[in-house]
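Those protein sequence lines, which keep their order, are chains B and G. Quick note, the first sequence lines up with residues 139 to 696 if you use this note's numbering. Quick note, the second sequence lines up with residues 24 to 67 if you use this note's numbering.
It is worth saying that the hints were derived from the structure and are not from the lab. Cβ coordinates follow ideal geometry from the N, Cα and C atoms, glycine included. Just so you know, not all the hints are guaranteed correct.
Unchecked claim - Cut-off 27 Å, straight-line C-alpha distance, at most; resulting in silico cross-link-like pairs (DSSO-like, lysine-lysine): (1) G/Lys42 to B/Lys161; (2) B/Lys237 to B/Lys400; (3) G/Lys42 to B/Lys416; (4) B/Lys166 to B/Lys416; (5) B/Lys458 to B/Lys516; (6) G/Lys42 to B/Lys400; (7) B/Lys475 to B/Lys512; (8) B/Lys166 to B/Lys335; (9) B/Lys400 to B/Lys161; (10) B/Lys179 to G/Lys42; (11) B/Lys496 to B/Lys475; (12) B/Lys237 to B/Lys593.
Said to hold, decoys possible - Residues on chain G that point at chain B, a partial pick, calculated with CB under 8 Å: (13) Pro36; (14) Ile53; (15) Thr63.
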Amino acid sequence: MSALDWIVLFGTLIMIVSYGVYKTRGSKNIESYLKGDNSMKWWTIGLSIMATQASAITFLSTPGQAYESGMGFIQFYFGLPLAMIILSIWVLPIYYKLKVYTAYEYLESRFDLKTRILGAFLFLIQRGLAAGITIYAPAIILSSILGWPLVYTTVIIGSLVIIYTVSGGTKAVSQTQKHQMIIMMGGMIVAGLFVVKLLPEDIGIVEATKLAGYLGKLELINTEVDLENRYTLWTGLLGGLFVALSYFGTDQSQVARYLSGKSLTESRLGLMFNGLLKIPMQFIILFIGALVFVFYQFNQAPVFFNEAAKDEVYLNEEQKEKYQAVEQQYSDLFEEKRKQVHLLSTAEGEEVERLKQKISGIHDQEEQLRDEVKGIIKATNEDLETTDTDYVFITFVMENLPKGIVGLLLAVIFSAAMSSTASELNALASTSIIDIYKRNIYQNGSEKHYLIASKLFTLFWGLVAVFFATFAGLLDNLIQAVNILGSIFYGTILGIFLSGFFIKYIKGNAVFIGAVIAQIVVLYFYFFSDMAYLWFNLIGCGIVILSGLLFQYVKNKG
Amino acid sequence: MENDKDLENNNPPVLGKWKNFYWLLIIVLITLISIFYAITRYFA
Numbered sequence: 139m140s141a142l143d144w145i146v147l148f149g150t151l152i153m154i155v156s157y158g159v160y161k162t163r164g165s166k167n168i169e170s171y172l173k174g175d176n177s178m179k180w181w182t183i184g185l186s187i188m189a190t191q192a193s194a195i196t197f198l199s200t201p202g203q204a205y206e207s208g209m210g211f212i213q214f215y216f217g218l219p220l221a222m223i224i225l226s227i228w229v230l231p232i233y234y235k236l237k238v239y240t241a242y243e244y245l246e247s248r249f250d251l252k253t254r255i256l257g258a259f260l261f262l263i264q265r266g267l268a269a270g271i272t273i274y275a276p277a278i279i280l281s282s283i284l285g286w287p288l289v290y291t292t293v294i295i296g297s298l299v300i301i302y303t304v305s306g307g308t309k310a311v312s313q314t315q316k317h318q319m320i321i322m323m324g325g326m327i328v329a330g331l332f333v334v335k336l337l338p339e340d341i342g343i344v345e346a347t348k349l350a351g352y353l354g355k356l357e358l359i360n361t362e363v364d365l366e367n368r369y370t371l372w373t374g375l376l377g378g379l380f381v382a383l384s385y386f387g388t389d390q391s392q393v394a395r396y397l398s399g400k401s402l403t404e405s406r407l408g409l410m411f412n413g414l415l416k417i418p419m420q421f422i423i424l425f426i427g428a429l430v431f432v433f434y435q436f437n438q439a440p441v442f443f444n445e446a447a448k449d450e451v452y453l454n455e456e457q458k459e460k461y462q463a464v465e466q467q468y469s470d471l472f473e474e475k476r477k478q479v480h481l482l483s484t485a486e487g488e489e490v491e492r493l494k495q496k497i498s499g500i501h502d503q504e505e506q507l508r509d510e511v512k513g514i515i516k517a518t519n520e521d522l523e524t525t526d527t528d529y530v531f532i533t534f535v536m537e538n539l540p541k542g543i544v545g546l547l548l549a550v551i552f553s554a555a556m557s558s559t560a561s562e563l564n565a566l567a568s569t570s571i572i573d574i575y576k577r578n579i580y581q582n583g584s585e586k587h588y589l590i591a592s593k594l595f596t597l598f599w600g601l602v603a604v605f606f607a608t609f610a611g612l613l614d615n616l617i618q619a620v621n622i623l624g625s626i627f628y629g630t631i632l633g634i635f636l637s638g639f640f641i642k643y644i645k646g647n648a649v650f651i652g653a654v655i656a657q658i659v660v661l662y663f664y665f666f667s668d669m670a671y672l673w674f675n676l677i678g679c680g681i682v683i684l685s686g687l688l689f690q691y692v693k694n695k696g
Numbered sequence: 024m025e026n027d028k029d030l031e032n033n034n035p036p037v038l039g040k041w042k043n044f045y046w047l048l049i050i051v052l053i054t055l056i057s058i059f060y061a062i063t064r065y066f067a
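Please construct the entire structure, taking both the sequences and the accompanying hints into account.
Printed below as a string of C-alpha cells:
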C-alpha cells in the first residue's frame, strides 16, 4: 500500500469518527443518548438502516458471490420491500404509540414483564456474541490481505467504534452511518468504473455486460419451484419477507434506527427509503462482481485467491512443487480462454453458442485445477479454509486499482464493519439499561445516573465484542457456533412478537409458556438430532404460536 | 415525537407528488423483477 492509500484510509475514518463525536457531544439524558431526542429526518433514518444491515462481509463477499455463481443472490432481497410496507402499516404505529425505547418494552405492555425479560435476554445473548463476529469476520480477511496481526485490525475497528458510540450514543451512530454509507456507495461506484476502465480498449460497459450474460453471470431470476435451491424468485419473496420481518421488526439494532425518527411519518419514509434502494444497491454490488469476473477473462486470475493460504503451502517444499505445477497449467489455459472470450465479444448468431460452449469447457478445466489446489491446501494443513470467495474482490482491489483508490476501498470495508458494529453496541446498551437495569435492578436513579450507566454499558459491550473477536480464531468452529446460537433463539423471539402483533387471542402466560416450550424443543433438536439449524427459526416460531394458542384455549376453558 | 392525533392518522406516507408511498414501492419492485427477468431470458 502506498502512502496516499494510508492517508485516504485513515483520513476518511478519522474524519467520520471526529465529525460524529463533535456533532453529537453533550447528551444530557438517556432520551437524547438512546433515542437521539427523536430528531432524525427520514433520509438519515433510511441511510442508517441500510448502513446497519450492510456489514463488511456485504462488500467483501457479495461481489465474490457474483464472480463465482452469478447474480441470482439478488432474489434474496425481493421480500424486503414488502416487509417494509407491513412494518410501516402495522408495527411502527404500535411502537410510536407506546413511546418505547426498545422493542422488548412493547412485550411488557402487550403481555407481561417476564415475557419482556425473556425477549431482552434472548436478544442480548445472541447479539452480544454476533457483535464480536461482525468485527472478527472482516478483521481476519483484512489482516490476511494487509499482512497485519489479527489483533491490529480487530482493535482498530473496535476502538474507533467504541469512541463515537460511547460518546454520542444513537445520534452519533446515525450521523456517522450517513457519511459511512456515502463512502460505501461512492467507493463501490468508483471501483465499478475502474473495472470497466481496466478492460481491454475494445471492451466497453456494453460488451462487458454482454460477456457477463453469455458466460452465465446475469441469471438474475430463477422461477423454478425447487426446495433445495436457496435463491429462487419464490424463496426470495416468501423467505426473504420472513427474514426481513424478523430482522427489521424485532431486532433492536434495527428498531432503534427508526425509533429515533422525528415523527411516525419520518420513520415510515426511512423504511420506504430502505425498501426502495436496497435492491438497486445489492444489484450494483453484484454487478461489480460480474464485471470483475469479465476482467479476469482478460487478465490472469490467481488459481486461489487467498494468498495467505498459498504462502503456507509454499513453506512445505513438496506441496509447493505440486502447487506450482497446477499454477502453470492454470496459466496455460488462460491464454486460450482470453482468445476465445475476445472472439465472443464480437461474435453474432450461431458463433455465439459455439464459443460459449468452448469457453465453458475451459472454465470446467479451470475448476478442476482449482479443486486440485484446494486438495493441496488441505493436505498442507487440515485447518486452512478452502473457500476463497471472500477474497476475490479485495484481491482485485489490492492488485489492480490505482494509488488512493485502494485506500478508499479499504475505507469502505472498515466503514461497513464499523457501521453495523456501532448499531449493535448501541442496541445492546439500550436493551441492557432499559429492559434489565432500569426496569428490574435500579428504578429510582437520576437522569445523569442512567446516562452514565448507558455509556458504561456501551463500553462494556464494545469490550466484549473486541475481546470475543480477538480470540474467536483460537476456538474451532466458533463462527458456526454463533450462527447456530442465533438460529436457536431467533425463531422464539419472532414467535413472541408475531403473537403480540397479529394474534390478540394469545395473552401473557400462554405466550411465555409457549416460548419456553419452543426453546426447549429447539434445544432438544439441536442436541439430539441432525436437523439443519436453519430450520430452527421456523420451528421455534411455529411452536411459540401454536402452543400459545393451545394454552390460551385451555386457560379460557378452565 | 408526533402528537397523538397524528398517530391516529394511518395514511400512507407522502413524498412530493407520491401520495401513496406503499404503491410506489410495489410498482418499483414489480418493475425491477420484470427487468431482471427480461435480462435473464435475453441471455438464456
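Hint check results:
1. With a C-alpha separation of about 34 Å, the suggested pair G/Lys42 and B/Lys161 falls outside the 27 Å cut-off, and the hint is violated.
2. As the CA atoms of B/Lys237 and B/Lys400 are separated by approximately 12 Å, the hinted pair is consistent with the 27 Å bound.
3. Pair hint G/Lys42 plus B/Lys416 holds up; C-alpha atoms about 21 Å apart against a cutoff of 27 Å.
4. Of the pairs offered as hints, the one joining B/Lys166 and B/Lys416 is violated, with about 35 Å between alpha carbons and a cut-off of 27 Å exceeded.
5. Note on B/Lys458 and B/Lys516: the hinted pairing holds, with a Cα-Cα distance of about 13 Å set against a maximum of 27 Å.
6. In summary, the hint linking G/Lys42 to B/Lys400 is supported, as the alpha carbons are separated by about 20 Å, within the 27 Å threshold.
7. Distance hint between B/Lys475 and B/Lys512 is fulfilled; the C-alpha atoms sit about 22 Å from each other, no more than 27 Å.
8. With a C-alpha separation of about 51 Å, the suggested pairing of B/Lys166 with B/Lys335 is violated against the 27 Å cut-off.
9. Taken as a hint, the B/Lys400 and B/Lys161 pair is honoured in the structure, with Cα atoms around 18 Å apart against an allowance of 27 Å.
10. Between the alpha carbons of B/Lys179 and G/Lys42 the distance comes to roughly 19 Å, so the proposed pair stays at or under 27 Å and holds.
11. Between B/Lys496 and B/Lys475, the direct Cα distance comes to roughly 9 Å. Compliance with the 27 Å bound is thereby established for this hinted pair.
12. For the given pair, B/Lys237 sits about 22 Å from B/Lys593 by alpha-carbon distance, which is consistent with the 27 Å threshold.
13. About 4 Å separates the beta-carbon of G/Pro36 from the nearest beta-carbon of chain B, less than 8 Å, and the hint is met.
14. The interface hint given for G/Ile53 is broken, as the beta carbon of that residue sits about 10 Å from the closest beta carbon of chain B, more than 8 Å.
15. At about 5 Å, the closest approach between the beta carbon of G/Thr63 and any beta carbon in chain B falls short of 8 Å, and the interface hint on this residue holds.
Going through the hint list in order, the structure does not satisfy hints 1, 4, 8 and 14.
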